[in-house]
Amino acid sequence: MWLISPMMFVLMSVAVFPVVYSLWISFFDLKLRRPKSAPLIWFDNYIHVLGDPGFLDSVLRTSSFTLMAVSAIMLLALLVALLLNENFIGKKFLSTILLIPWAVPYVANGLMWKWIYDSGYGALNGALLQLGFISNYLIWLGDTDKTLALIANAFVWKEVPLATILLLVNLKSIPEDLYSAAKVDGANIWQRFWNITLPALKPGFTLVMIYEVMMAVRHFDLFFILTEGGPADASHVLSWEIYVETFRKLSFGLGAALSYLLAVVTFLLAFFIIKTLGKKI
Amino acid sequence: MNKNMNLELNRREFLKLTSAAGLVGTGLGGMSINAFAADSVNLFTWSAAVDTVKSHANAFEKKFNVGVNYSNSPWAQYRDAGIAKLVGKAPVDVLWVSDAWLPEWVESGWLAPINKYPELMKYNADTADFCVKSMEYKGKQYGLTYYTDYMGFFYDDSKLKKAGITAPPKTWNEVTEQCLKIKAAGICEFPFMLSMAKESWLIEFITAMNYSFGGRFVDDTGKAIMQDPQKGAAQALQWVVDAVQKHKIISPACVEIGELNGLKSFGSGNHAFAMLARYRIRTLNDPKQSAIAGQVKQALMPAGPKGSNATVGWLRFYGLTTQAVADKTREANSIKLIEWFGGKADGKYTFQKNLLNDLGSGFGVNSLFKDPEVIASVNAYTDIKIYESAQKFAKKKDTIAPWFGEWDEANGSLYQSAVLGKSTVENALTKSASVWTDLAKKA
Chain A
1 MWLISPMMFV
11 LMSVAVFPVV
21 YSLWISFFDL
31 KLRRPKSAPL
41 IWFDNYIHVL
51 GDPGFLDSVL
61 RTSSFTLMAV
71 SAIMLLALLV
81 ALLLNENFIG
91 KKFLSTILLI
101 PWAVPYVANG
111 LMWKWIYDSG
121 YGALNGALLQ
131 LGFISNYLIW
141 LGDTDKTLAL
151 IANAFVWKEV
161 PLATILLLVN
171 LKSIPEDLYS
181 AAKVDGANIW
191 QRFWNITLPA
201 LKPGFTLVMI
211 YEVMMAVRHF
221 DLFFILTEGG
231 PADASHVLSW
241 EIYVETFRKL
251 SFGLGAALSY
261 LLAVVTFLLA
271 FFIIKTLGKK
281 I
Chain B
282 MNKNMNLELN
292 RREFLKLTSA
302 AGLVGTGLGG
312 MSINAFAADS
322 VNLFTWSAAV
332 DTVKSHANAF
342 EKKFNVGVNY
352 SNSPWAQYRD
362 AGIAKLVGKA
372 PVDVLWVSDA
382 WLPEWVESGW
392 LAPINKYPEL
402 MKYNADTADF
412 CVKSMEYKGK
422 QYGLTYYTDY
432 MGFFYDDSKL
442 KKAGITAPPK
452 TWNEVTEQCL
462 KIKAAGICEF
472 PFMLSMAKES
482 WLIEFITAMN
492 YSFGGRFVDD
502 TGKAIMQDPQ
512 KGAAQALQWV
522 VDAVQKHKII
532 SPACVEIGEL
542 NGLKSFGSGN
552 HAFAMLARYR
562 IRTLNDPKQS
572 AIAGQVKQAL
582 MPAGPKGSNA
592 TVGWLRFYGL
602 TTQAVADKTR
612 EANSIKLIEW
622 FGGKADGKYT
632 FQKNLLNDLG
642 SGFGVNSLFK
652 DPEVIASVNA
662 YTDIKIYESA
672 QKFAKKKDTI
682 APWFGEWDEA
692 NGSLYQSAVL
702 GKSTVENALT
712 KSASVWTDLA
722 KKA
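Each protein sequence line maps, in turn, to chains A and B.
The first sequence maps to residues 1 to 281 in the working numbering.
The second sequence maps to residues 282 to 724 in the working numbering.
Do not take every clue at face value.
[To be verified] PhoX-like mimics (lysine-lysine), calculated; alpha carbons at most 20 angstroms apart, straight line:
#, chain 1, residue 1, chain 2, residue 2
1, B, K370, B, K504
2, B, K723, A, K249
3, A, K114, B, K712
4, A, K36, B, K370
[To be verified] Simulated restraints on C-beta separations:
#, chain 1, residue 1, chain 2, residue 2, range
5, A, I97, B, S670, 54 to 64 angstroms
6, B, K625, A, L128, 53 to 63 angstroms
7, B, D639, A, K146, 54 to 64 angstroms
8, A, F43, B, D719, 46 to 56 angstroms
9, B, G467, A, L131, 20 to 30 angstroms
10, A, F267, B, A574, 56 to 66 angstroms
11, B, A721, A, F133, 46 to 56 angstroms
12, B, K529, A, F224, 23 to 33 angstroms
13, A, F224, B, Q526, 55 to 65 angstroms
Hints in this document: simulated from the structure, not taken from any laboratory.
Backbone N, C-alpha and C fix where the C-beta goes; we use that ideal spot for every residue, glycine too.
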């Protein structure tokens, strides 16, 4: 027991204590700009957050972002995994290329997309103009109707490789005999995909969905780099709200309460996915 | 066995070495190797003009035989880092403070007034009025100027001439007319460059426009008046909304364009007019950094129907911490350091001139406008007369209060909503006023 005590101490210090302490401060009206006065207010921070229309708006934006991003990731990852499961010339090269977005850090990814989306000199406008799809430069991140979808696109670009790998591993585990038997029974390619591949991919889908939903709901980096929650709050999602409350308004108590609500939401989502999709794994 | 012992010793030596390296890395080691450690002044700044600061701090150390423990943090994290240091009681004696944070930091008990130090207060006589006011809170002064500047109105002379315009606009109506003329001539798609991205610059842009329209966000008693259509704030915002939505002389993408990107866009020759920090004219007239070098001129801020050439001025200053004042030696050394940087060093405004020469940063010292070296330095890229005359119209932000940061966060989004047509000017300003009033009540 004493052999593991140093590691237990480290874990308690860097993991358990901060988590418990942040829960503790979520019950206080702790503002860093008046640190001497932090009254215990019990659940007032939670009540305040849940009654704030701005919080509900940010929950809706987070849900919208998550839905867009996770559906796109699942679909694209499935298509790419199916492609890489076949044998063709250049497969290894394509597999290597596919990993690049995964290797790019989120901050670098955000800066890259900021350049691409820029309405004045961005590559997206340049490409569309040269291809003749547009006659004038369009506004991308500055258009409130497009902002969330564009950030979701940048998120999808980064996340698809990992989802693909997870699905590909699952695809490789499907016994070839099943396909041979189905062919003998006269099943066409669509029937084989629908009746063998898709059901067999359920564990992979569940894993990808849980992971990507958790990533999307909590995602912050791209919002910080691309829009800072704007324009006009169009990308003011839950993680951005936590940042603003904690580090801009210096309301550590409220920020901690928001973080716990986000943690609960993430936990409930994962639980729901496992209960609905994962029960047959 | 001996071998094992050697290994044991090596491990210990390794641990000692790595611990020492860690201490040096965190700055703790620096304390022990500093020859002046006992009397050192702890100076904390954001990471601007680092070499200029270091060089001037070295001169201070030689002159007074007092060490300077200098540390810095990037601007983006500076407020958080500074507050964390102050709350955690990390040693900070003198630090750069933005005028926007003054009430917050004073109310938190982190900054000490300097009124009892005549050696510092004497500089007020030679300091621009808005600078002194920007360092005051509840009747007390909290530092000496590090740098100051104001929102400037710039135009690309070649584009105006090309459109047959002989003089820059004096009113915002003339700005609209000239922009439409330039646009009609096909010179620029969006002749006016205004950055409306939600960043710390946004409040400076909109306050400058407010002032030039004769408007204010709040009155002298701190009551929100921005929502009053007669006070100018509504007219200023309406002008921006019309410029974007109706006249199309400002790009609707302005809500995603920050100050730095706006500078690049104007410097690339995409616009005829721009509102930018005054010191940016040095970059704009530098052939290595600008496609329109030599063509950029400054004019007084155009006036609204009931307004003037007023603009917003901002200030960053050397603040003295309460922890420094609590120790007589640290207090005395800190006062010396503040004067060395924010006042005169060996009888000269050396640091202010170095900042101007190295970076083009503005100064709040009135007499420097008569200094031959300063005149020559500024005239190399603009006209010092317009620099000086526009600075006389600069006023401090009227929204500086302990809750400024929280209000600014909401106000920025509301302004963007109006500019994008998602909200009316009236609604945006009424909501902004309501946020202000709520925060003031809570405080």
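Status of each hint after checking the structure:
1. Straight-line distance between C-alpha atoms of K370/B and K504/B comes to about 35 angstroms, which puts the hinted pair past the 20 angstroms bound.
2. With a CA separation close to 14 angstroms, the supplied pair K723/B and K249/A stays within the 20 angstroms bound.
3. This hinted pair does not check out: K114/A and K712/B have alpha carbons roughly 31 angstroms apart, beyond 20 angstroms.
4. Between K36/A and K370/B the CA atoms are separated by roughly 13 angstroms; this keeps the pair inside 20 angstroms, and the hint holds.
5. Remark: the range hint 54 to 64 angstroms for I97/A to S670/B is upheld by a beta-carbon distance near 59 angstroms.
6. As the Cβ distance of K625/B to L128/A is approximately 58 angstroms, the hint placing it in 53 to 63 angstroms holds.
7. As the Cβ distance of D639/B to K146/A is approximately 42 angstroms, the hint placing it in 54 to 64 angstroms is violated.
8. Range check, F43/A to D719/B: about 21 angstroms between beta-carbon atoms, so the 46 to 56 angstroms window is missed.
9. With their beta carbons about 25 angstroms apart, G467/B and L131/A fall inside the hinted range of 20 to 30 angstroms.
10. For F267/A paired with A574/B, a C-beta distance near 58 angstroms keeps the hint of 56 to 66 angstroms intact.
11. With their beta carbons about 51 angstroms apart, A721/B and F133/A fall inside the hinted range of 46 to 56 angstroms.
12. A hinted range of 23 to 33 angstroms holds for the C-beta pair K529/B and F224/A, which are about 31 angstroms apart.
13. A C-beta distance of roughly 29 angstroms is found between F224/A and Q526/B, which places it outside the suggested range of 55 to 65 angstroms.
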